[in-house]
Amino acid sequence: MASTSEQTRLLSRREALNVGGSSYGTGQHEGGDSDPEAQKRDDVQKWTRRVLYYIPSTAWIPNYSFSLLGGDLMAGATMAAMIIPGSISYGISLAKLGPTAGLFAASIPPLVYSLLGTSRQVLISPEAALSLLVGQAVSEAKIIYPNFPDQAALGIAVATAITFQVGLFSFVLGFFRLGFLDVVLSRALMRGFLSAIAVVITVEQFIPMFGLVPLEQELNPPGTLDKIVFFVTYVWDNAHKPTMAVSFGTLAVLVVLRAIKGHAAKTKLDFITRLPEVLVVVVLSTYLSAKYRWDELGVEILGAVPIRTGGNFFQFPFQSTSRRVLTGTTSTAILITIIGFLDSIIAAKAMGEKYVHPISPNRELVALGASNLAGSFVPGTLPAFGSIVRSRINGECGARTPMASAFCAVVILLATFYLLPWLYFLPKCVLAAIICVFITSLFTEIPGELKFYWNIRAWTDLGMLFLTFFLSVIWDVEIGIVVSLVISLLLVVNRSSKTRLTILGRIPGTDQWQAISDNPEAEDLPGILIVRIKESLDFANTAQLKERLRRIESYGIARTHPSEEPTRPPASALVFHMGDVETIDASAIQTFQELLETYQTRGLGLYIAHLRPEPRELFEKAGIYKLLGPAAFYETVGEAMAALENERPWAHVM
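The working numbering puts the first residue of the sequence shown at 62, with every later residue one more than the last.
Calculated directly from the structure, the hints in this document are not laboratory data.
Treat the hints with care, since some could be wrong.
[Claimed, not checked] 16 Å max Cα-Cα, derived EDC-like pairs, lysine to aspartate or glutamate:
id	residue 1	residue 2
1	K415	E506
2	K288	E265
3	K595	D579
4	K302	E357
5	K288	E277
6	K595	E643
7	K595	D641
8	K302	D356
[Stated by the list, open to error] Simulated restraints on C-beta separations:
id	residue 1	residue 2	range
9	Y485	S381	36 to 42 Å
10	I535	R111	44 to 50 Å
11	I535	T388	30 to 36 Å
12	T388	K107	41 to 47 Å
13	G359	V293	21 to 27 Å
14	Y485	A325	32 to 38 Å
15	N281	E643	55 to 61 Å
16	L550	E625	28 to 34 Å
17	Y115	E584	56 to 62 Å
18	A365	K415	38 to 44 Å
19	A120	S381	40 to 46 Å
20	V290	G359	23 to 29 Å
21	E681	E596	17 to 23 Å
22	E658	L113	50 to 56 Å
Keep in mind the model is a prediction, meaning the values are calculated, not measured.
Note that the Cβ used here is the ideal one computed from N, Cα and C, for glycine as well.
Turn these sequences into a full structure, and let the hints guide you.
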């Protein structure tokens with residue numbers, strides 16, 4: 062309830078806007094005449110709220126504080142330094158395209174997302190797993206069209222078609238408000254997925270940190286488990302010592318700098334807490350690598366990155382070649398959309414919980430869709446989605462608004478054309494070490510989660526956690542999340558299909574009826590079944606209503622195996638308490654009517670109590686009221702039981 066001062070303020074505002082005691086917001090004054098000025102103000106306020114909702118940047122940009130600029134700029138620059146090498150690698154090695162495929166995906170979509178996204182720390186860019194899916198589609202297209210005159214152009218067309226479809230699917234899902242699909246992501250599933258991602262990324266980074274990349278490229282272990290076996294087998298004899306020295310030296314510097322920042326946060330040395338340790342490490346390692354020529358010692362560096370663009374930077378996605386491969390890439394686009402959205406919404410929710418700001422799955426889908434649609438207008442751009450690891454790093458580096466994402470995108474776009482030569486000597490193992498430092502935070506949360514689920518005996522949640530984890534690590538990340546998602550959907554459907562029912566009993570010496578499962582004093586009346594339906598009825602939860610009622614009639618509320626003999630005497634009368642049934646759809650009415658007809662055929666006395674007006678109206682239209690007759694409907698269970706006693710004197714129920 063609003064406070065007195067709040068009520069006074071609202072009343073004053075209402076009186077100021079109304080004329081002659083008219084209602085606020087109706088645009089009317091005394092005599093029923095409309096007030097054009099008030100109506101105009103209402104319309105302006107309405108459209109202002111709509112704009113703020115659909116374009117979140119219109120809310121945070123006007124209120125942007127200069128105090129946030131330093132953290133956003135540092136986070137953007139730091140993330141750009143980390144994303145550029147990875148995006149180049151994704152475009153060349155995974156997507157089977159050129160470096161610009163990854164770089165443009167890390168710059169164009171994030172600019173759009175910064176305007177439309179609801180998360181302040183999520184930074185979208187190409188993902189390794191999704192880029193790999195694009196690369197597989199590119200390879201398949203080259204096999205299908207071996208005589209295509211320009212194989213490079215064919216690959217660009219495939220990537221463009223996939224990115225366009227990914228953007229379109231995401232946008233449509235958000236437009237039709239289907240973001241609720243993320244509700245199937247239980248906390249256990251999310252924790253299992255994040256833990257698996259942490260293991261996968263750690264294994265991926267250990268290989269360059271120990272200088273095993275050339276050997277990995279030669280043996281090409283396909284999955285994470287194969288890479289773990291590869292690492293354990295060859296690390297002892299084939300690790301490159303100079304690379305290890307750089308890698309673990311980087312780790313040591315990062316740990317020390319983070320410890321100094323943590324200590325400074327407890328003192329008045331605030332300027333130290335803003336130290337961009339990652340950016341410092343990138344610049345310092347690049348300088349030392351160039352000065353002392355670490356590449357001559359065998360340390361792998363970024364090297365020269367050729368940047369080539371076509372005649373037109375922006376092109377309509379549906380060129381003739383893209384249309385040709387459109388249908389063949391739809392399944393890949395759907396899979397990328399599902400995996401990308403799940404990964405992004407996990408990151409967005411985690412950041413929203415950590416930094417305390419709301420997340421709208423529908424708005425996230427629209428933002429991701431619009432971002433990828435915009436990216437598809439640059440030929441060959443890869444799909445871009447959020448990542449929990451990247452978002453965590455972005456937040457820990459100082460990002461507090463989407464300005465960090467926009468600044469990162471601008472830096473990457475400029476670097477694509479002008480700054481890449483400056484990173485020529487950047488050791489790749491330094492980037493791997495940086496990621497490993499931040500990934501440790503995902504591991505620290507696992508023991509607490511496992512202990513919590515164990516203490517409350519949440520075996521289903523533990524099973525989902527371990528299933529997601531092992532499938533993602535041992536088999537494949539995509540397989541792990543898809544299988545876990547399907548199982549979650551089945552669990553949701555299974556639970557929602559079971560109508561919540563309970564048996565009511567009489568409290569001795571009173572006219573009160575309560576659930577016998579909640580009140581041990583409630584008397585379960587032999588031969589009379591009083592069932593309370595505790596939710597609205599629809600096609601989903603009435604599919605098993607007949608079977609649920611049969612089991613309750615035979616065994617009560619106890620969990621008994623169907624092979625056991627019935628523990629309750631056959632019912633001669635059945636009373637439905639429907640006070641909790643607010644709505645009922647057509648399928649549920651049909652099922653309920655068939656159920657009542659079956660009970661009538663058996664000769665059971667049927668009574669309905671506490672029926673709400675809306676279901677009562679539908680019962681009359683469907684013929685249920687006529688089927689049972691007026692004498693079957695009562696206001697309360699007590700009245701129904703009194704009528705039952707009068708109609709059947711042998712039933713001593715009161």
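Here is how each hint holds up against the structure:
1. Taken as a hint, the K415 and E506 pair is honoured in the structure, with Cα atoms around 13 Å apart against an allowance of 16 Å.
2. For a cut-off of 16 Å, the pair hint linking K288 to E265 stands: about 8 Å separates their Cα positions.
3. Taken as a hint, the K595 and D579 pair is honoured in the structure, with Cα atoms around 14 Å apart against an allowance of 16 Å.
4. A threshold of 16 Å between alpha carbons decides the hint, and for K302 with E357 the separation of about 13 Å falls inside it, so the pair holds.
5. Distance restraint check for K288 and E277: the Cα-Cα separation of roughly 8 Å lies within the 16 Å cut-off, and the hinted pair is therefore satisfied.
6. Of the supplied pair hints, the one linking K595 and E643 holds, its CA atoms being roughly 10 Å apart against a limit of 16 Å.
7. For the given pair, K595 sits about 5 Å from D641 by alpha-carbon distance, which is consistent with the 16 Å threshold.
8. For a cut-off of 16 Å, the pair hint linking K302 to D356 stands: about 13 Å separates their Cα positions.
9. A hinted range of 36 to 42 Å for the beta carbons of Y485 and S381 is consistent with their spacing of about 38 Å.
10. Between I535 and R111 the C-beta distance comes to about 48 Å, which sits within the given range of 44 to 50 Å.
11. Look at I535 against T388: about 33 Å separates their beta carbons, and that is inside 30 to 36 Å.
12. Distance hint check for T388 and K107: the Cβ-Cβ separation is about 42 Å, which falls inside the suggested range of 41 to 47 Å.
13. In this structure the supplied range 21 to 27 Å holds for G359 paired with V293, their Cβ-Cβ distance being about 22 Å.
14. Distance hint for Y485 and A325: a CB-CB separation of about 34 Å, consistent with the stated range 32 to 38 Å.
15. Under the hint 55 to 61 Å, the C-beta atoms of N281 and E643, about 59 Å apart, fit the expected range.
16. Taking the beta carbon of each, L550 and E625 are about 32 Å apart, inside 28 to 34 Å as hinted.
17. In this structure, Y115 and E584 meet the distance hint of 56 to 62 Å, their C-beta atoms being roughly 57 Å apart.
18. Checked against the given bound of 38 to 44 Å, the beta carbons of A365 and K415, roughly 39 Å apart, stay inside it.
19. Separated by about 42 Å at the C-beta atoms, A120 and S381 satisfy the suggested range of 40 to 46 Å.
20. Range check, V290 to G359: Cβ separation about 24 Å, and the 23 to 29 Å hint holds.
21. Separated by about 22 Å at the C-beta atoms, E681 and E596 satisfy the suggested range of 17 to 23 Å.
22. In this structure the hint that E658 and L113 lie 50 to 56 Å apart at CB holds, the actual value being about 54 Å.
The earlier numbered hints are all upheld by this structure, with none contradicted.
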